[in-house]
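Residue numbers (our numbering), protein chains in the order written: chain A, 1 to 256; chain B, 1001 to 1369.
Derived by calculation from the structure, the hints in this document are not laboratory data. All of these numbers come straight from a predicted model, not from anything done at the bench. Hints are supplied without guarantee of correctness; some may be wrong.
[What the hints assert, rightly or not] Quick list of the computed label-pair ranges, beta carbon to beta carbon:
id : chain 1 : residue 1 : chain 2 : residue 2 : range
1  : A       : 236       : B       : 1108      : 36 to 44 angstroms
2  : A       : 82        : B       : 1113      : 26 to 34 angstroms
3  : A       : 148       : B       : 1028      : 43 to 51 angstroms
4  : B       : 1215      : A       : 169       : 38 to 46 angstroms
5  : B       : 1028      : A       : 52        : 35 to 43 angstroms
6  : B       : 1081      : A       : 169       : 20 to 28 angstroms
7  : A       : 171       : B       : 1157      : 22 to 30 angstroms
8  : B       : 1005      : A       : 125       : 33 to 41 angstroms
9  : B       : 1179      : A       : 168       : 51 to 59 angstroms
10 : A       : 169       : B       : 1254      : 26 to 34 angstroms
11 : B       : 1039      : A       : 236       : 29 to 37 angstroms
12 : B       : 1157      : A       : 200       : 36 to 44 angstroms
[To be verified] Beyond 10 angstroms from chain A on every Cβ pair, some chain B residues (computed):
id : residue
13 : 1050
14 : 1083
15 : 1241
16 : 1286
Quick reminder that beta carbons are idealized off the backbone N, C-alpha and C, glycines included.
If you want the building blocks of each chain, they are given just below.
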Amino acid sequence: MNLILFFIRKLTETEMWKSVFRHGYTDTPRNRALQTISNVWLHLHPVKVPKHAVKITYTWCLGGLTFFIFLFLTVTGVLLMFYYVPDVNRAYADMIDLMYVVPLGRLLRTSHRWAGHAMVITVCFHMLRVFLTGSYKAPRQFNWVLGVLLLVLTFLLSFTGYLLPWDQLGYWAIMVGTNMGAATPVMGYQGPFADLLGVKINNDVRFALLGGTQIDAPSLLRAYVWHCIGIPIIAGALMILHFWRVRKDGGISGPL
Amino acid sequence: MKKKLFLLSSILLLVSSLLWVKDMLEPEWKQYQVEYYEQQRKAVEKKLQTTSDEKTVADLETKLAKLQKPKYEIKQILLKGDYGWAQQSNGQKTDRCMTCHIDEAKLTASHETVVKEFPFDIYGCTVCHGGSGRSLDEEHAHHGIFKHKRAMRQRLDHADDLFDMWNEFATLSLEEGAEWASYKNHTITGEKAIYMGSGKCMRCHTGLTAPHVERWKRVKFESFNVIKEAPDYIKGDEDYREKCYECHTTGYNKETGTYEEEGITCEACHGPGEVYAFFMDRGQATEGQKIAKITPAYNKCGGTEGCHRSRRHEMRVKFFRDSKKHDDYEWFKPKYKRIVTEALEEKKSGGDEEGYDPTAPKHRIRFVR
C-alpha cells in the first residue's frame, strides 16, 4: 500500500503531470462535499451518511432492493421488446420462441418474470418495514402517500404484464381482474350507483381497461403500452419524487 | 457468519449461472441429434469396410466426413395457412418436432400408411398428433399429445374433432381449392377410413328411413349386378371394366384398382362409415348424424368428380355401335325400364281390365338379380 502511495506521489510530482493538472486537490470536508454535489452521478448519493444508516438490519435495504429490481426489469423488459410483438396473432408464438429458440431467451423471460414477482414481494415488505418502524410519521407523511401510489403502480405493472404472454393463465386472470373492475361502485357497469351516471358496459372502467367489451386485440395492445411505457414512466417520475423526499425529510430513517 | 453467508450465496449464484450456460450450450434436444449422427456414422463406417467399389467408397467417404462434423441445430417445418386469432390459434404454425425426432427413415417406415398422402414437410406432425409444435422440451412439446393410434382414436369425442382435423388438412394442403370435405375419406389417424359394408348399416337402418333405404337397396345397390350382365362388361378387359367400377362400386380405389363393395351402397355417397359406426355404436347418434350428413357439401352426384356427369357412358356407345349383335335399344333402355314401358303399354291396350285387383301393388316391377 505504501509502495502504491509512494508511486502516486512520485507521479504527481513530475513536470509533465504538473503541466497538465495546474493545481492539486486539497482534501478538506468542504471539497469532499463540493465534489459530491457538483457531480451528476455522485449527487444521487448523500454527501454524508449517518452512522445508523450503515446498519442493514434496520431498513433491510428493501426500498433499495425494489428500486434495483425495477432497474433490472427495465433492462430485461427492453431486451424482451426486441422479440415480442403485441399482436394477438403472434404474441404467444413469440413467447414460445423466446423460450426455445432465442439464445438465452429463456433466461431473459424467466428472470423478467421472477423479478416481477420479487418486486411485488420486496415492495410489500418495504411497506411493512416502514409501518413497523413508524417511518411514515411526520415529517414523512407525504412520502408514505407517494409510497402507496408506487405500491399500486407496482401491482398494475404486474397485472398488465400478466396478459402479455397471451396464454390461458393470463387471459383468464385478466378476465377475473377486469370483471372485478366492472363491479366497482359508480365506475363499473355492474357496480352500485352505476345507473346514476349512466355508466354502461361500453363506457365503464372495464371498457377503458380492455379497449372493448371483451378481451381481444385492443386489450393486449393496451396492456402492452401501459406495461412498457405508461406505468413505468409514471412510476419512474414518482420514484424520483420519493427518493428526493427521503433526502429532504431528514435522510434515511433510523432508530429513534 | 456474514462472510460465510456471502460465500454461500456467491457459490449459489455461480452454480446457477453455470447451469444456465450449460443449458444454452447443451439443450435437451442436442443429445438426440448426437446419438443419431453417431449411429449414422457407425453405419457408414461399417458399410465402408465391406464395400470395395471405388465410386461408392468415395461417396461414403464424403458422407462420413460430413457426419464426423455434424451441425447440431433446430430443425423446423414452417406450415402453410392462416392460424390467426380469428381461427382461435396463435399465429404462424411451426413444427419443430424433427429437432429431436430426427431419423426421417425411421419415421417414414412407421408412418407407411399416411406418409404418401401427408408428407411430413407439408403437413408437419401436430395436425394428427397434437402437442405443441413450437416447443423444444419434452414436457411442453408433448403436452396434449396423441402418441399412437389408440390415443388418436380416444381423441374422438365429437364429430367436430374430426372435422377440425379435415379442415386443418385442407389449410395445410398445397393443392388449390382443397376443402375439408376433400379429406372425408380419412379417419382420425390420418389413414384411409375403413368401409364397414352396407350389411353393418342395414342392421339398424332397415326399418329406419324406410323410403330412402328401400329405394336405394332395390335399385342402386343392385346396379353392379345389372352391369355384370352387360355384354360390353363381359367382353371388356379389366381396363375397360375399371370405368364401370368407378361409379358402380363402393369405395373404389383408382390406384390399386380394388373396391370395397359391389353396387352403389350407403358408403358410396355417405362416405366410409368407420367413424360414423364408431359414434353410432357408442350411442352418440347426433355425432354420427353430423358425419353422414356432410354429403351434399361433397357434391358426389355431379361435377367433375361425380358419377352423373354428361357423357359418362360414351365408351359404351362405341361398343354397341361397333357390334351388330346387340341392339342398342337393349342397353340404353335397361331391363327394369323396359318392364315399366311394357307394363304401361299393356295397360294402354286395355288388357288388364279383368284381372284388376285394387289391393295389389300399383307397380309390376320385378327386379332381376
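Results for each hint:
| no. | hint | result |
| --- | --- | --- |
| 1 | A/236 x B/1108: 36 to 44 angstroms | violated, 58 angstroms |
| 2 | A/82 x B/1113: 26 to 34 angstroms | violated, 45 angstroms |
| 3 | A/148 x B/1028: 43 to 51 angstroms | holds, 45 angstroms |
| 4 | B/1215 x A/169: 38 to 46 angstroms | violated, 56 angstroms |
| 5 | B/1028 x A/52: 35 to 43 angstroms | violated, 51 angstroms |
| 6 | B/1081 x A/169: 20 to 28 angstroms | holds, 27 angstroms |
| 7 | A/171 x B/1157: 22 to 30 angstroms | holds, 23 angstroms |
| 8 | B/1005 x A/125: 33 to 41 angstroms | violated, 19 angstroms |
| 9 | B/1179 x A/168: 51 to 59 angstroms | violated, 30 angstroms |
| 10 | A/169 x B/1254: 26 to 34 angstroms | violated, 50 angstroms |
| 11 | B/1039 x A/236: 29 to 37 angstroms | violated, 56 angstroms |
| 12 | B/1157 x A/200: 36 to 44 angstroms | holds, 39 angstroms |
| 13 | 1050 | holds, 41 angstroms |
| 14 | 1083 | violated, 8 angstroms |
| 15 | 1241 | holds, 52 angstroms |
| 16 | 1286 | holds, 29 angstroms |
Hint compliance for this structure: hints 1, 2, 4, 5, 8, 9, 10, 11 and 14 are broken, all remaining hints hold.
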